[in-house]
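*Asks:* Take a look at the letters that make up each chain.
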Amino acid sequence: MMQQEYKQLDMRYEEAELRSKRKNQSWIDRTWTFFSSVKVGLWLIGLIIIASGVGTIFPQEMYIPQAIPPEEFYGKEYGTAGDMYYALGFHNLFESWWYIGLITLLLLSIIIVSIDRFFPLYRALKKQPVIQSDRFMGGQRFGAEATGTVNQIDAIEPLLKKKGYKIRRQDGALLAEKQRFGRWGPYINHIGLVLFFGGAMLRIVPGMHEDELLWIREGETLPIEATDNEYYLENNAFNIEFYDPAKEDEKFSEALKRAGGSVPKNYDTQMTLYEKVGMSDDFKPKLEKVKSGETAVNQPFEFGNYQVFQEQYAADPEFKTMSFNIENQKTGKVVDTIKVDLRNPQETYPLKDGYEVELKDFLPDFVVKDGKPTTNSSRPVNPAFVFTIKSPEHPKGERSLIGIKLNVGGDENQYKMGFAGTELSNISGVRIKKDLTLPFLFAGGMIFMFGLLLGMYWPHRRVWLKETNGQINIAGFTNKNALGLQKEVNLALTEVGLPQLEDRQKLREEGESK
Amino acid sequence: MKKTNQNPDERLAAAKQKKKKRSFWRLMIMTMVLFAGAVVIMQFVDQATRDKDGRVLAGDDAPGFALVDLYGEKQHTMDEYKGKGLLLNFWGTFCEPCKKEMPLINDNYDMMQKAGVNFAAVNVGETPVRVSSFIKEIGGTEYPILMDTNSSVEKAYGIYNLPVTFIINKEGKVVEKYEGEIDQAKLEEMIKKANE
Chain A
1307 MMQQEYKQLD MRYEEAELRS KRKNQSWIDR TWTFFSSVKV GLWLIGLIII
1357 ASGVGTIFPQ EMYIPQAIPP EEFYGKEYGT AGDMYYALGF HNLFESWWYI
1407 GLITLLLLSI IIVSIDRFFP LYRALKKQPV IQSDRFMGGQ RFGAEATGTV
1457 NQIDAIEPLL KKKGYKIRRQ DGALLAEKQR FGRWGPYINH IGLVLFFGGA
1507 MLRIVPGMHE DELLWIREGE TLPIEATDNE YYLENNAFNI EFYDPAKEDE
1557 KFSEALKRAG GSVPKNYDTQ MTLYEKVGMS DDFKPKLEKV KSGETAVNQP
1607 FEFGNYQVFQ EQYAADPEFK TMSFNIENQK TGKVVDTIKV DLRNPQETYP
1657 LKDGYEVELK DFLPDFVVKD GKPTTNSSRP VNPAFVFTIK SPEHPKGERS
1707 LIGIKLNVGG DENQYKMGFA GTELSNISGV RIKKDLTLPF LFAGGMIFMF
1757 GLLLGMYWPH RRVWLKETNG QINIAGFTNK NALGLQKEVN LALTEVGLPQ
1807 LEDRQKLREE GESK
Chain B
5 MKKTNQNPDE RLAAAKQKKK KRSFWRLMIM TMVLFAGAVV IMQFVDQATR
55 DKDGRVLAGD DAPGFALVDL YGEKQHTMDE YKGKGLLLNF WGTFCEPCKK
105 EMPLINDNYD MMQKAGVNFA AVNVGETPVR VSSFIKEIGG TEYPILMDTN
155 SSVEKAYGIY NLPVTFIINK EGKVVEKYEG EIDQAKLEEM IKKANE
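Chains as they are written, first to last, in our numbering: chain A, 1307 to 1820; chain B, 5 to 200.
Since the hints were made in silico from the structure, they are not lab data. Even glycine gets a Cβ: it sits at the ideal position worked out from N, Cα and C. Check before you lean on any hint, since a few could be wrong.
[Claimed, not checked] Some chain B residues judged to face chain A by a derived CB distance under 10 Å, without partners named:
(1) Phe28
(2) Ile33
(3) Gln47
(4) Met115
(5) Ala119
(6) Ser136
(7) Ala160
(8) Gly176
(9) Val178
(10) Val179
[Claimed, not checked] Take a look, some chain A residues computed to stay more than 10 Å from chain B by CB distance:
(11) Tyr1369
(12) Gly1388
(13) Trp1403
(14) Gly1407
(15) Leu1413
(16) Trp1490
(17) Glu1526
(18) Leu1562
(19) Ser1598
(20) Gly1660
(21) Phe1668
(22) Ser1684
(23) Gly1727
(24) Asp1741
(25) Pro1745
(26) Leu1758
[Unchecked claim] Think about it this way: if two alpha-carbon atoms lie no more than 20 Å apart in a straight line, the pair counts; the simulated PhoX-like pairs of lysine-lysine are:
(27) B/Lys159 <-> A/Lys1666
(28) B/Lys159 <-> A/Lys1678
(29) B/Lys104 <-> A/Lys1675
(30) B/Lys103 <-> A/Lys1678
(31) A/Lys1739 <-> B/Lys159
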């Protein structure tokens, strides 16, 4: 018997009429049709890949040395190519208008392609007939024909059922189908992609993403700008531990010595978080303690949606307080001791027995300019003080200028300020971060992976059997893993005495090559 | 199944209606995606024109502040100055040109007020002891000295060099950022600009 040859069908969309393939009239439909083409999507992906690749040839703007302006840097360093690189915006590629534009068009393409294909495919699969035409069955990649009876079809039903196929029967014909959901993989995958890119775009929405570096001294309480100054952070203590070359393994001790002996082993900050609950009468914020904790490298201190990371520390600690003894120069007797907080010095320090010290001036970074004492900056690098000591003997006060290894005008006075110690404070650099877009990126990534798995590992398989005038027509379909379908179905077919599925595509290819 | 009791005209009308609806949704989807992309691009372009180190420049909105004066008497806020021009000056006692420009500003303060322009001088994170001693030394000022004790306003404006004066107009926008000592001519120009 002559077997009629049918043209193999493209089963990707079940021969459903794609919306975009209809005749178009308006510009809306024409634009839609353009983006519904998978070819356009692939072009966009290709362009994005090439652009991203070119963007890695020279460093991005954020990685170049800050001393040179970028417009000069690229030309100087890389010549004409560098100039072109800068002119075309590759130096800041991932924020350039045309790169974001390409991503947007790709997103549009993904969305349109999905809508254009999903709905017709869904409908076609939902109402598929059990009895298919000869053209349809002959056009499938897998198939076979033989003489046989409906009894054989009846016999194969439980066998296929056992393999997990869902069976539908109509007038003796059979449709066995399994894992239809595998066909939705690519569309779920697209949803994940759209969510992922959408999440990345959300970064620009105010309040979704914050990033701030805060330098905070021990004992200091500072407002956190990233929280709109609603929260304050206090640095209770900063601890740093260095490697001791003598105690470490010999292997490392030499390297440690070479590094100057100051390789930090660990550093962390004890901190307390406060919430601003209002303003007091003297215009200071009223703070309410929320919680305390510590932050070490890679172990953030968390509150609300914020995370505080230990990032840096200042190499040199700063003077925090200085203490002075008020001494009677003649007798050497100490009257009292005062402690001056260098960040917030008082104007007067009342002492025992009616003595008093007035702080007339405080010069944190003492220098003499034009014969006058003054300060070079606001940092307490070299503090100096102008004190007046009021005593019962000298109610008007005795004035002197005191600093590190410095005592001007105090020699003739009856009372002098004697240096009695200092406290230092470390400065901790913490990074405050908030990123509400992460859940979107995470969910998008998970959905993407889920769609990928679905599409990769659950092939949609179908088998059609129908009997006409003693002839049995068999057709098989799978969207992945052809061998798997043949193995699964051939076993059942052989058992009921029917021929195995042929791979018509393979036969055709072999026929052509001969 | 399809309704068969419709006449051809009705069917055509229904099909047209459906097509219209489809076109509408297609347009909606395309517009929404392209709009989202455009917003992101505009945001990045906006960021690129702004200074990388968070410095406030001409054309930016002046960041708000709430600072107490040197004597702890009154709190001054950005909002209080809105509706009038404002020259917001940043200074330190360790800065020589700051010291030089202060008497000139003080002499012109009355004239400025009459012209409808305020002047405020923010000290950058120094101690009250130091600032009051300094102000006494130069003979006091008519205009308010605001104490930015924890340097938060200094940070918000991204101050690097002193002195610096921001000319802020009635709408609270920075018209110009001027780094350096102010002289009589510059001050008059600033008053004019703040009033525009």
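*Asks:* Taking 10 Å as the limit, does the beta-carbon of B/Gly176 come near enough to a beta-carbon in chain A?
*Replies:* violated, 18 Å
*Asks:* Check whether the Cα positions of B/Lys159 and A/Lys1666 lie no farther apart than 20 Å.
*Replies:* Distance of about 29 Å is beyond 20 Å: violated.
*Asks:* Could you check if B/Ala119 really has its C-beta closer than 10 Å to a C-beta on chain A?
*Replies:* Since chain A brings no Cβ nearer than about 29 Å to B/Ala119, farther than 10 Å, the hint is violated.
*Asks:* Is the Cβ of A/Ser1598 more than 10 Å away from each Cβ in chain B?
*Replies:* holds, 20 Å
*Asks:* When you check the alpha-carbon spacing of B/Lys159 and A/Lys1678, does it fall within 20 Å?
*Replies:* violated, 31 Å
*Asks:* Holds or violated: is the Cβ of B/Ile33 closer than 10 Å to a Cβ in chain A?
*Replies:* holds, 6 Å
*Asks:* Does B/Val179 hold up as a contact with chain A if the rule is Cβ-Cβ below 10 Å?
*Replies:* violated, 25 Å
*Asks:* Taking the shortest Cβ-to-Cβ distance between A/Gly1660 and chain B, state whether it exceeds 10 Å.
*Replies:* Non-interface label stands for A/Gly1660: nearest chain B Cβ at 23 Å, farther than 10 Å.
*Asks:* Against chain A, is B/Gln47 within 10 Å by beta-carbon distance?
*Replies:* Result: holds, 4 Å to nearest chain A Cβ.
*Asks:* With d taken as the least Cβ-Cβ distance between A/Tyr1369 and chain B, does d exceed 10 Å?
*Replies:* holds, 13 Å
*Asks:* Taken at face value, is the distance from the CA of B/Lys159 to the CA of A/Lys1739 at most 20 Å?
*Replies:* holds, 18 Å
*Asks:* Is it the case that A/Glu1526 keeps its Cβ farther than 10 Å from each residue Cβ in chain B?
*Replies:* Violated, because the least Cβ-Cβ distance between A/Glu1526 and chain B comes to about 8 Å, which does not exceed 10 Å.
Hint violations for this structure: numbers 4, 5, 8, 9, 10, 13, 14, 15, 17, 21, 22, 27, 28, all remaining hints satisfied.
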